[in-house]
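Residue numbers (our numbering), protein chains in the order written: chain D, 492 to 951; chain F, 492 to 951; chain Z, 492 to 951; chain R, 492 to 951.
Calculated directly from the structure, the hints in this document are not laboratory data.
Mixed in with the good hints, there may be bad ones.
If chains are identical, the list can't say which one is meant, so a pair holds when it fits in one copy or spans any two.
To be verified - SDA-like cross-link-like pairs, simulated, lysine to any residue; straight-line CA separation at most 25 Å: (1) Lys574 x Asp939; (2) Lys786 x Asp723; (3) Lys569 x Pro897; (4) Lys581 x Met546; (5) Lys786 x Leu585; (6) Lys581 x Arg875; (7) Lys569 x Ala760; (8) Lys574 x Ala519; (9) Lys786 x Ala750.
Number of protein chains: 4
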Amino acid sequence: MSAAPASSLSAPAAPAVAPTPLMGAALAERFAEVRAFTERLVEPLSPEDCVVQPMPDASPAKWHLAHTTWFFEAFLLKPYLSKYQVFHPKFGFLFNSYYNALGPRHARAARGMLTRPSLEEVFDYRAHVDRHMAELLDQNESAETARLIEVGLNHEQQHQELLLTDIKYTLWRNPLRPAYREGMSNDECRMTNVEGGGDKPPSSFVIRHSSFTQFDEGLYHVGRDTGVFCYDNEQPRHRVWREAFELADRPVTCGEWAAFIEDGGYRRAELWLSAGWAAVQREGWEAPLYWERNKDGEWRTFTLAGMAPIDPAEPVCHVNYYEADAFARWAALSEPGLRLPTEQEWEIAADAAGFDPAAGDVADRGRFHPSAPAPGSGSDGGPRGLAGGVWEWTASPYVAYPGYAPPAGALGEYNGKFMCDQWVLRGGSCATSATHLRATYRNFFPADARWQFSGLRLAR
Amino acid sequence: MSAAPASSLSAPAAPAVAPTPLMGAALAERFAEVRAFTERLVEPLSPEDCVVQPMPDASPAKWHLAHTTWFFEAFLLKPYLSKYQVFHPKFGFLFNSYYNALGPRHARAARGMLTRPSLEEVFDYRAHVDRHMAELLDQNESAETARLIEVGLNHEQQHQELLLTDIKYTLWRNPLRPAYREGMSNDECRMTNVEGGGDKPPSSFVIRHSSFTQFDEGLYHVGRDTGVFCYDNEQPRHRVWREAFELADRPVTCGEWAAFIEDGGYRRAELWLSAGWAAVQREGWEAPLYWERNKDGEWRTFTLAGMAPIDPAEPVCHVNYYEADAFARWAALSEPGLRLPTEQEWEIAADAAGFDPAAGDVADRGRFHPSAPAPGSGSDGGPRGLAGGVWEWTASPYVAYPGYAPPAGALGEYNGKFMCDQWVLRGGSCATSATHLRATYRNFFPADARWQFSGLRLAR
Amino acid sequence: MSAAPASSLSAPAAPAVAPTPLMGAALAERFAEVRAFTERLVEPLSPEDCVVQPMPDASPAKWHLAHTTWFFEAFLLKPYLSKYQVFHPKFGFLFNSYYNALGPRHARAARGMLTRPSLEEVFDYRAHVDRHMAELLDQNESAETARLIEVGLNHEQQHQELLLTDIKYTLWRNPLRPAYREGMSNDECRMTNVEGGGDKPPSSFVIRHSSFTQFDEGLYHVGRDTGVFCYDNEQPRHRVWREAFELADRPVTCGEWAAFIEDGGYRRAELWLSAGWAAVQREGWEAPLYWERNKDGEWRTFTLAGMAPIDPAEPVCHVNYYEADAFARWAALSEPGLRLPTEQEWEIAADAAGFDPAAGDVADRGRFHPSAPAPGSGSDGGPRGLAGGVWEWTASPYVAYPGYAPPAGALGEYNGKFMCDQWVLRGGSCATSATHLRATYRNFFPADARWQFSGLRLAR
Amino acid sequence: MSAAPASSLSAPAAPAVAPTPLMGAALAERFAEVRAFTERLVEPLSPEDCVVQPMPDASPAKWHLAHTTWFFEAFLLKPYLSKYQVFHPKFGFLFNSYYNALGPRHARAARGMLTRPSLEEVFDYRAHVDRHMAELLDQNESAETARLIEVGLNHEQQHQELLLTDIKYTLWRNPLRPAYREGMSNDECRMTNVEGGGDKPPSSFVIRHSSFTQFDEGLYHVGRDTGVFCYDNEQPRHRVWREAFELADRPVTCGEWAAFIEDGGYRRAELWLSAGWAAVQREGWEAPLYWERNKDGEWRTFTLAGMAPIDPAEPVCHVNYYEADAFARWAALSEPGLRLPTEQEWEIAADAAGFDPAAGDVADRGRFHPSAPAPGSGSDGGPRGLAGGVWEWTASPYVAYPGYAPPAGALGEYNGKFMCDQWVLRGGSCATSATHLRATYRNFFPADARWQFSGLRLAR
């Protein structure tokens, strides 16, 4: 397969009009669906599960429930629904996340202190806001509010994924290693997988099942233009020059990662970025987050169904940028040129190969654990598993696209102010909803973050 | 009033036999009472309230419920009830507090991570252990087990007080400043107080209502001898020489503390211990814990019934040793010689004046906020409010009594290993049960601890 | 002025041969010059000045003297001079900076503990190594050693600049605010400056003297190809696509910065990156490093000649990336589109405008404080002051160029392992030697670093 | 030997007059001696050695030289010598240690930043102050100034010892482990020692050479009364009741400590205070400070003459309170009742046995390393080595004596404000001057301090 760059690419035109958002009944339906999915995610959880904050970077489930609701209250109901009364005068303080423009707020690291309001009261809050949002949708709908609602729903979908990653971390900090849902089994959490079943970790690194797709040099368009919703950080669409490159047809697997560990991956300074090596030594990392050896020395991992053996064919997950980078350097020892792709390369490949979240290993499946991607159906193979499964670290720091300017007002704080010392991940994970994903979507986390469903794919 | 030291005091005889503990039905009844009181304390709390740990030094209510239960399982049921099966194989790990002799344990600062077991399961655990304790009391009772049960019940009473201080701190960390019990009012939390009602803080320091009781120099006995239960750190009873001294008839009040603040108490380095002054500057202390000024500059304080105005006649509470010491130095500027009493002076006075917890401002009253002590009934006045109200900081570091040796086995870790860089408090508080207190009781906390119901009384 | 991109740019050819390094007498002369300059820099300093480490990121002057010498010993004399005996068996441990491949080393933060060897002994060490380097130059010279010597000399020039920035920081931490050189005056440290003399900070932001040079869109070459020495991180030369842009003709000045401060620059969250705002609040930054207000509220700054008034026309210096970014956002409020340039834009402009370090405000002048750049001589103006003065922060994170691979061996640790969470600065400063600079030179520091001679220039 | 307590001890009378201080020529001579000794201590040191601060608790030698000089300037010359001009207007800020009453001061942890003033300038400062002190002694002498000078000289003697402990720590932080004085040998640093020569560490704990002296129960006087100089914290003299006790005739030795290590002393939680055990695990302590095993597993220790083998007969040194306490608990396993003495017991024993610093292992000998105490000459044996050698940790927290009040003015900050969470050490060390010591002298350090010449002696 080969993507064809335009030989003479003109600058993207400025969109004549903003994209037409969903409106009317379609929007109301989507609103109901997204809101309901959040609540379905906490169904298996007790009020106790929902209140605890396991580390400063993670938030309690109750906080996610309330914060996503506050978003609609602050950005829609207060400005656009006349005579709207806030549910509680202090909730704006408690559930604002980081919008300086909307006033002071509760300290992020103290979100776990909020035993009150109770989970039940937070559900009342949600019902109150949903009721008034219905009123707004009924009476005051405009392209402007429709666009803001779209932001709010995407925002809530982001928090759905965070809710899952955060509760996974919370449950793992409990020495009992409990499952997220009573009776949830690892079979349920995993698909049977023909390709990788029963494989032992290879004793030396071989990208056995991996092949690479070629892409030609050329001037490409990157970023989102018009048409459908996207975040500000995906814009403006712009031209980039890429030399020819190749992208692996699937993410790096647990079996390959076990080989990296066996080969001393976590003990060889020469494989690591300087800051990564310092972190390895300080934190004592010896494997991805959630991996533990049992008494027989076999690797097991914590999933939302509890502890389970490693499946060598599954994509490796819960590695951070330092680890992804070190793995790529290690792989390059066997096969020079292997490396992480840039986010531009990733997007060019996704554009060419097609990016179909609905067919991906996404949250809609309800399993929340990455599976080995199914073999491609086409003759050319092409990259598989781009949508869902694991977020894929790229070699690209998270910075503004040329010409980017944050929108005016509080929503300008949504993305722009985090463009410093974070790295872009692409493609979505098994905890992301299909309707939330796009080929141009830019997720970002600091180099040391491990608690997301993050893996990697090689390029060369 | 004057206490009469023996002119020629002989050394305390070694107790011929250990004290006879409660046994039989009386013990069973006390067991039931103490256990039930713990559960009554959490009745107003939600499962969410019970799981959160607001700081490393405090523990979740659920943990207190389970840990006190584990104590009986570990020290009574496992060694003394044949065929006893532990309720859960991991609870020994989860709910051991600090007994190295009993194996590894969950990290203290991570007690708030335990969303599972649920509060309900912990109540099941309590019921399971109570049921088997009834069996033990029925079948295997001996002086040895009776003594251990006595320890276990006193241990649980200590945790009842900690449960209250810890939940108070938890609720206060919530910006909503919620009350412990729905509908609890500050009227309920406080007694009407004839003496201090409506007083404004005096503009200069006057110990107006305070008078002092004299005690003669002499050789006194200090510490507990035989007869009733006490902790190892109250023993052995021994002789001490005290010069004549006087003790104030009541604790320092909120009104006096407000005067200290007004007079720059928290801004004058010369009043503070060096480490105390460093802490004041680092932490920004300007008043006791839980005191806040409202918009009009009036002091309010957080109680278990929510925020309430300061009552100038009440004993000041939630001050640490540094603050108590600074206050005493400040008081001595007006009246040279004023200082904190030593724990020996305190005990000599309590011996002479009588120490009657049942009549004190104790947890049994269910108000959990200190009241101004009632005026003494006798003509001489004598120290009032020694039992209950607020724990009173003394000028005595917490060290071993002459001849002290910790008991053998895991219980040897109960007290002895903490005899370093802590200070003795005496007398009990409004959150201590009457049956838990004795004139010889030695409580201890580090110099910077403020979240206990701790105040002070002056001597000279 | 307009730079002309190739309309159809072919991929840079792989260099047929490595660049021909300096050799023979020319190399020996350069060796002697560079080494002597280092020693001249410490002439004004006492042994006491040279031993202290003022913060973990800075190093003592004595350490710089020894480490640069160790570099020649480790990379040249040990491998290439037969029978060479190291000067001291422990110096390899003491003076290795960060080369894991060369064994364990003294902790970076403890470099200030080395009162021994004395400064005098370190000079003996330098003489010993220089003597043997002369032998090597005489007898064993090859293209390979010549290239390594070139690296060693550039390495030493980097440390010359660090020595100056570190000693400036050391002297500033002394409440006496002493000058680097006895009798050094601020007149000596500064050029008379026609343009900015006597200016008061403007009360509102006006880039009065600033004009912009335009550059066309196109495919450009970036990075160094062949011919002269460069670091690995400047390679490979590669093609990039740039949209049209404009670059300011001079760096941002102290006067403009004072206006930014006056306008609340350090108190407005909306101007800052999220991590930058957190740092401002944590560190209490209110102005660039070394700026202090005197009693009359006038800004003064610490220079190597001591405290001096701010000159509004001088380039602002000692600001970090967060500050540079916040300034650019603030400037864009007045004039939309203003921003920091990318490093590619900067290099394209420098290529077009000419980059002449010898004519720049560089260390060779011996003043070590940036001056306002002289007006351009040409009719078109063009960007002035690109070489020297202040390092200019760019909007580019420091990452590998496409196709970059670190060299084999210990020198592979020189640059590559730091390509994470740092930002590129371009152009050199008043503390950089002219012979060390190139238009393709990539300096890099973390976003919070302020002690370098770092400023900024705007683009749009 | 037996000390005889008074059967009926009357309260110490208040001293009618303050003690008569040294005056006139005798005082001038003592002034000259003490000041000269300080300067002799830094003779072997380079300016570089004198400027570095190896940890926040230690100070640079140059700072000690200047601070002790500032003391005379601040407390004598400024108030008592008319028309005195301070040497430098900022030295008061730089060299005040902790006297809040004398204004703000340079941060303690930043004392190592002062490369200027140079060591030479500090010597000029000393000469300037000495010259004016001579003037003051000549013209303005009074009992009041004589008493302040006495304080200043004792203060300087304290800093002489700190200068030695701090420079020892500084030199040890250097991986070269240099000696304090060129050519200083461990032979010079140690006396030949008949008793312990060649001993190997015993494989099980035997206090072989140790015997105990008995002291009867009774009412004793403790603290200093009148007559000679003492610090405020040694006063008032007061009565204490002590039960009968016994004190070991010599300090614990290195041989005994090696046995403690071999027996798992640093790995057995049950031997340690809770805070001590936490510190052992956090810091990784496995032996006293400065002990290191060589390749053959033999213990060596750092002395001011460099690294040297352990001498089993020498008093163990550089242990902190936690370690001393753990050792005593371990010793009590073999011989119940062994423990650390209280400071009162120590003083009673020293009173009875005689306390003769001039004959002790003190700084005047110039060796600065403890030797095994010579056997007692008398028939009864009695405690040896009480004066000098190593400071002996006692079981007594450092608190005020009954009736203690700090003096008015800045000197009131000398001792009183440190009476919190520190422990008393008695007797002096090999780094203390003989004329500085008294039986009533109370030294004090926190429980984790190891860099002083601190050891222990057992009681029972």
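Results for each hint:
1. Neither within a single protomer nor between protomers do lysine 574 and aspartate 939 lie at most 25 Å apart by alpha-carbon distance, with minima of 46 Å and 46 Å respectively.
2. Taking the shortest Cα distances, lysine 786 and aspartate 723 never come within 25 Å of each other, neither inside one copy (49 Å) nor across copies (42 Å).
3. Taking CA atoms no more than 25 Å apart as the test, lysine 569 paired with proline 897 passes inside one copy only; the shortest distance there is 22 Å, against 55 Å between copies.
4. Proximity of lysine 581 and methionine 546 under a CA criterion of 25 Å is satisfied in both settings, with 24 Å inside one chain copy and 23 Å between copies.
5. In this assembly of identical chains, the alpha carbons of lysine 786 and leucine 585 lie at most 25 Å apart only when taken from different copies (21 Å versus 45 Å within one copy).
6. In this homomeric assembly, lysine 581 and arginine 875 never come within 25 Å of each other (Cα to Cα): the closest approach is 47 Å inside a single copy and 43 Å across copies.
7. With identical chains, the CA atoms of lysine 569 and alanine 760 are at most 25 Å apart between copies only, with a shortest distance of 23 Å across copies and 54 Å within one.
8. When the C-alpha separation of lysine 574 and alanine 519 is checked against a cutoff of 25 Å, the pair qualifies only within one copy, where the shortest distance is 21 Å, while the shortest distance between copies is 62 Å.
9. Taking the shortest Cα distances, lysine 786 and alanine 750 sit within 25 Å of each other inside one copy (19 Å), while across copies they are farther apart (35 Å).
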